[in-house]
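Peer 1: The hints should help you fit chains R, D and A with the ligands onto chain X, whose structure is shown.
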Amino acid sequence: SSGSASGSSGSPSGAGSAALSSCVSQAKKNIAAVSAPIPIKAPPSSFAMKKNSGKTIWLVSATQDEFNQTVANGFIAAAKAAGMTGRYVQANGQVNQMGQLVQEAVSAKAGGIVLFNIDPHSVSGPLNAARTAHIPVIDFNNGNPTDPLEPGIYAHVADDFTTQGKNMADWMLVNSGCKLDLATFELPTYPIDADLITATIAEVHALCPSCKVTNTNFDLATFATTLGPLAQTVARRNPGVNYMDPGFDAFTGIINPVLQQIGSKIKLVGHDGSASNLAAMSAHRTLQVMTDATPPELYIGWVLVDELGRGMLSLPAANWALPARLVDSSNIGAGTVDAIFPTYTNFNSVFLKAWGVG
Amino acid sequence: MRPFPVRQNGSAASVTAAGPADAAPGPPAASAKRTVLRVAEQYGLLMALLLAFVAFSIALPSTFPTVGNVKAMIDSQAIILLLAIAVTLPLRSGDFDLSIAGLMTATAALTAQLTTHGTSLGVAIIVVLAVGLATGLINGLLIVKLGVDSFVTTLGMMTALSGLAFAFTSNQVITNLPSDLLTLARQQILGFPTVVWIGWVLVAVAWYVYQRTPFGRYLLFIGGSRESARLAGLRVDILRISCFATCSLIAAFTGVLLAGNVGQVDPSIASQFLLQPFAGVFLGATTITVGRVNSLGTLVALYLLVVGITGLQLYGAQPWVSDVFNGAALVLAVTFARLAARSNAGR
Amino acid sequence: MRPFPVRQNGSAASVTAAGPADAAPGPPAASAKRTVLRVAEQYGLLMALLLAFVAFSIALPSTFPTVGNVKAMIDSQAIILLLAIAVTLPLRSGDFDLSIAGLMTATAALTAQLTTHGTSLGVAIIVVLAVGLATGLINGLLIVKLGVDSFVTTLGMMTALSGLAFAFTSNQVITNLPSDLLTLARQQILGFPTVVWIGWVLVAVAWYVYQRTPFGRYLLFIGGSRESARLAGLRVDILRISCFATCSLIAAFTGVLLAGNVGQVDPSIASQFLLQPFAGVFLGATTITVGRVNSLGTLVALYLLVVGITGLQLYGAQPWVSDVFNGAALVLAVTFARLAARSNAGR
Amino acid sequence: MTEAPTGLALTGVSKHFGGLTALDSVDFSVRAGEIHALLGQNGSGKSTLVKIISGFHSPDPGARLELWDRQVDLPLRAAHEHGIAVIHQDLGLVEGMTVLENMGVTSSYGAALLGPISRRRERRRCRELLDQMGLAIETDTMVASLSPAARAGVAIARARRVLEEHTERFTFILDEPTVYLSVEESGRVMRLMRAVADDGSAVVFISHRLQEVMAVADRITVLRDGRVADTFQAREGNQRRIISAMLGRSLDQFYPDRLNAPPAEPVLRVTDLAGQRLAGVSFNASPGEIIGFAGLVGMGHEEIPYLIGGVDRATVGQVKLGGVDLLPLRLKERIERGVTLVPGNRQRDGAWPAATAQENITLPKLSLGSAWHPLRPSAERRDASSLMKLFGVRPPVPRLKVAQFSGGNQQKIVLAKWMSTSPAVLLLDEPTQGIDAGAKFEILQRISDAAESRAVVLIFSGDYEQLANVCGRVLVLRHGRVTAELTGDEITEPAIAQLAQGDTQDRPDS
Ligand SMILES: Nc1ncnc2c1ncn2[C@@H]1O[C@H](COP(=O)(O)OP(=O)(O)OP(=O)(O)O)[C@@H](O)[C@H]1O
Ligand SMILES: Nc1ncnc2c1ncn2[C@@H]1O[C@H](COP(=O)(O)OP(=O)(O)OP(=O)(O)O)[C@@H](O)[C@H]1O
Ligand SMILES: [Mg+2]
Ligand SMILES: [Mg+2]
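Chains as they are written, first to last, in our numbering: chain X, 53 to 410; chain R, 96 to 442; chain D, 96 to 442; chain A, 26 to 535.
With the rest of the complex left out, here is chain X (with noise of 0.2 Å):
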């Protein structure tokens, strides 16, 4: 990540149109792969979840959302196709609970760990137990697939947060024909939203060296009450600022209503496709433009429980790197995540058969 208001680079305009245009077509193809439907994304291979029966499985998740919820819905269903029992925990953000739940876990004799969220440094004793026990711990959603697996984690199950990052910035450079004027907003202290952020600013300097990147910090503790004012605060400071990336969806939603507010024009970015943003797009009462949304959250509750599966038989990690799809007024239809996703609607019986189940 980079530190808050990390300037701006590149020259003055004059670069020339020669520029601009490579700019904009060299984005325009780096998008267009995922800009269009995306396949089903089906366990890479088979093998017997049979044998796993009769286990219990926790998630054990940093916070309560939406979001988590859905996702520990989907990871409950699965494990029930799988004949296993799911159970889901959350630690209220709370760093001294995330602990407490995964030692419970491991006391408990679980079958096999996933933390959702949670730093594996934060948890690294209960970890340790998890490793003696020979319980495998998938780290989910917490930095990118590819990072370097931490002592006592079997896999990472992940968004690619850089690939997603950058896809958010070269869909920004083309919407802008390469005149981007951009403000981030960052958490630094949380790593997925750290990836994103340094990514995209990082793909806007490798194309468009005369477009602006203005990056800011702000913090978890607090972003209902500080976010939208420093939003505004950031867009008056940059008169020039067209586009807005907090990262996220739910971020976006606290910003558009300030930026609404004052009669901007700034295009929102972020990241999830949740179904209110989806929502809110398609009806256009939003100033937000574009979001890489993410596959069916229960689709990835059934993600997690077959990487956890192949752990629990000692097989070779799936490796799961989650795909997403950039969504715009071109390709949003009836902005529901079923009509976005459309080779998703029935990802069970692609699990069921991978695991020879049912």
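These are computed hints drawn from the structure, not numbers from a lab.
If you're wondering where the values come from, they're calculated on a predicted model, not measured in any experiment.
Quick reminder that beta carbons are idealized off the backbone N, C-alpha and C, glycines included.
Take a look, some chain R residues computed to stay more than 10 Å from chain D by CB distance:
#1 Arg133
#2 Leu141
#3 Ala147
#4 Val218
#5 Asp275
#6 Thr289
#7 Trp295
#8 Leu409
Cross-link-like lysine-lysine pairs, in silico, DSSO-like; alpha carbons within 27 Å at most:
#9 X:Lys231 to X:Lys319
#10 X:Lys81 to X:Lys319
#11 D:Lys128 to R:Lys240
#12 A:Lys357 to A:Lys345
#13 X:Lys405 to X:Lys93
#14 X:Lys80 to X:Lys319
#15 X:Lys132 to X:Lys161
#16 X:Lys107 to X:Lys132
#17 X:Lys161 to D:Lys166
#18 X:Lys80 to X:Lys231
#19 X:Lys317 to X:Lys264
#20 D:Lys166 to X:Lys107
#21 X:Lys319 to R:Lys166
#22 A:Lys357 to R:Lys240
#23 X:Lys81 to X:Lys264
#24 X:Lys231 to X:Lys81
#25 X:Lys317 to R:Lys166
#26 X:Lys103 to X:Lys93
Peer 2: For chains R, D and A with the ligands alone, kept in the frame of chain X given last:
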């Protein structure tokens, strides 16, 4: 039971905080200096606000002193101002109410849930006010009638209500709120949204009530010396309960306005609104009617804090600088106010 | 200046909170009933803890009553227990200290920054303790010597210190802490890590000091009536300042242990630790030495809360249920304690 | 006695509060074995002088303090380590703690700061001390549940404990210790002081009761407006000399003329009234009557004003005022019917010390009126100012905080606050506590005026001399019941004292 900090009246000898109206009759020589000190004490925070505004305007001429920025700063404090005014009521009569942030979040969640599921805004507001009244009465009855400590009771209510906010929304962030709800909070009147105007009206009403009516005086006496208030015939219990109830009603309605103002409801935000209203009220008590919780002072205090933070942000300071500023402003203001009070008291 | 809730002692007529040592000698007929009530009052929370434990053990025989689960629950409260014991000191002498969570986070950040940049653990601890002492003295001098209100001063310090935590780590999460730091907090002794043992030792020391030494009584005296304590010849200022200083020293060292225990330092966690220690202390004051801040009660209270929440989680309750449980437990416990006190007082 | 060493010598003590001069170059000394009475009008600076000795206030520069002929620095730190024990007007007890805990605090509970307290020894020690004072108080009782007089006893016993721990070279200072006490109890305190002085300690005490002063003091110093007006050996002077030094004039009358209320139908009828200790008391009172109530500590008479006034709840009984039973009525409703209570605990019940005199004085009127009718600050100020003048509050400045007035002047403010409401029943709990001899006349005159305008006046006081001089009838209570009623010429101070005392064997239990 009162196992907790017993806020104490100073003894006859040690009370030195000079109230607004009490100059010890001094020899004329010292009186000019004393007047300066008194003015400094009474209007110090206001002057700090003006000074900060002017300083940032000079330092950041193109971004800070603009209509847009001023409006943005004022808008950003609207919700906190409402909560702060609400909490002046129990604070003035000597009780804490930490539950308001939780209540506001719960009622915002309830409003969002009801109005997005077909309930009309009017009905939703009635339900929300009923919830607020119930919360206030529970707080009030436990604290006043049973004598449970207000800090710990309302801390518990805060936690429970934050949990209920999640229950109301089924852990979801609720968006796409109906337009009449948005309008209720955002309708522009003379350049400011309704939520700001409601805050200002409340400040004015509270000012009148606190400064100009016996009711305001009653609260002060109940807060300062509950027994002597009771012996004077004040119905201390009813008055304290009515403070809790009114406070909760305002906080509950603030939940409706919050939903309309932000346009979505995230049930996880309660704790983010917990402390800022108190910072505003406590800081505000160092000015105007010095040493007494008051509404104008609260307004000035909140605006001072937002001017400082916005100025620093526009200046490009790291975000943590605003936290440090916020905290330091609070500590310094109460310290200076205290020092001024001591000099005035001639120590 | 004391513009804030003046916590008041009840009048002679209305004081009903029965201290542990004050059985009004009643007629023998009523005395059996009264003894039962007194025991219920004094050990009610402990019984609730045991009851909750047994109930969840029956409901969840395979997951709840396991050694691993019990250890996990105890471990998870270690840091909060340390903070809670720290804050009993100023609370007993009548002052709030809201700054401890901020201080702990700042010193955790400092420890991480120093030890990952080549400073030895010993030196880092000395630096951290110096920071703690300085914070405690600033709090103490402002509050005690200048007479600034403790709630607002330490609220300001809390905010400022949370900001400094970000400054110390340059907004980063610091990981890969040196192994001696990890060992300091995690070394297992008889099945529990050092951080738990340190907490228990502090509970025992605080119990001795509060129950058995003049110092503990002095604090209570000061908390009860500062003026009276002063008139009785106690060196009130020094004693209060020493409470702030000791509290801050413990909180600062807790920062070191937090870094070692968690294994990384995230500068944004201060607010997570703000309220829980107070909930523990206030709830704990309803038991053992009823009506007085005490360390054993605090321990029981924190364990009751974690048993409740863990049991509910394991039972598969919705996550928000634990917030509601937390809040309701606090409110109900203080309410019952209050009711028991009233019955004891023969009302 | 002249050869006895000087325990305490202050020279050139001045003290300003803002622009106000509380003390102006005062010299003051006490010898070992001497009881030195410090006298003066309300606000003359007595308490301020004591608070300088105890180290609570620091004097203006230039003051010197010698203890046992050794110079010590001012402000004095840890006075008790220098052998100074002080009992202030405010007693210094914590209500929410037990007697035991309160009594140990000045003696470090007989243990090192972080050493273990021996509870058994503590309890034994306290028992002894209380027994010596003749106080049958349980050591585990909360101070909050004690009567003011019992509290004074605890405070004195506690100071005495410190005394005994420093047998020699001790200075013992009591600021109005007897203000709450009845005559016989204050006699006990006087004997205690004498015993302490005879042991070689220096004793200073402040009192407005000139009789007891003349009975016990060896030397007398009178302050007037912060200066020493006179200082002399007690046997060389008399009450007249004290009064003229205090007031700067002589006082020929200590009490207003007794009223001869014309006989009238009783308006206040109290039947079988009972409370915590009060066990069924009945009496009638007519308009214009002034009735006194006397009794030892804990005999129940202290409760009567609070039961009639509506502060505490009566267990049984009836209190009829003009045919209406007051007991079911709320406090405010009683006030509206003219039932006016001047409470005995002025710090807690009488006034809010941090608010201004004006705000305190006008509160009863405000609380009777509408909560929403706009305040009229200038009218309020005028009212307060004239009332303060009427009751002789000094200085009569309404915007000063109550805390900034001297003890006696605070009491006058409390009286002004209540007696301005033209009461029908005036309940006075120790109305002249802490009020100087000069001002007392004025206050009693106001009370007499109230009776003259057809109020029923009930005075509850341990000052039997005062009861004997102003009351037309005196009821004496023992164990919660009226045991004697004195009228007309029967009312004399010794008669009240003897009836209150009763059989010396049966002490009040608590
Ligand atoms: N906190 C308390 N509240 C109420 N009663 C108490 C308390 N502590 C002790 N007691 C009771 O007080 C009595 C005396 O206490 P204890 O025996 O502990 O004295 P001690 O300090 O041990 O004396 P010593 O040191 O001389 O042996 C006992 O009956 C004990 O039960
Ligand atoms: N803290 C204070 N601030 C301002 N003025 C004060 C303060 N304390 C005392 N005074 C003033 O100093 C003067 C002396 O007060 P002091 O209390 O010494 O009187 P006193 O002789 O003890 O009177 P009393 O007999 O009524 O107790 C009074 O005029 C009083 O108003
Ligand atoms: Mg005095
Ligand atoms: Mg023993």
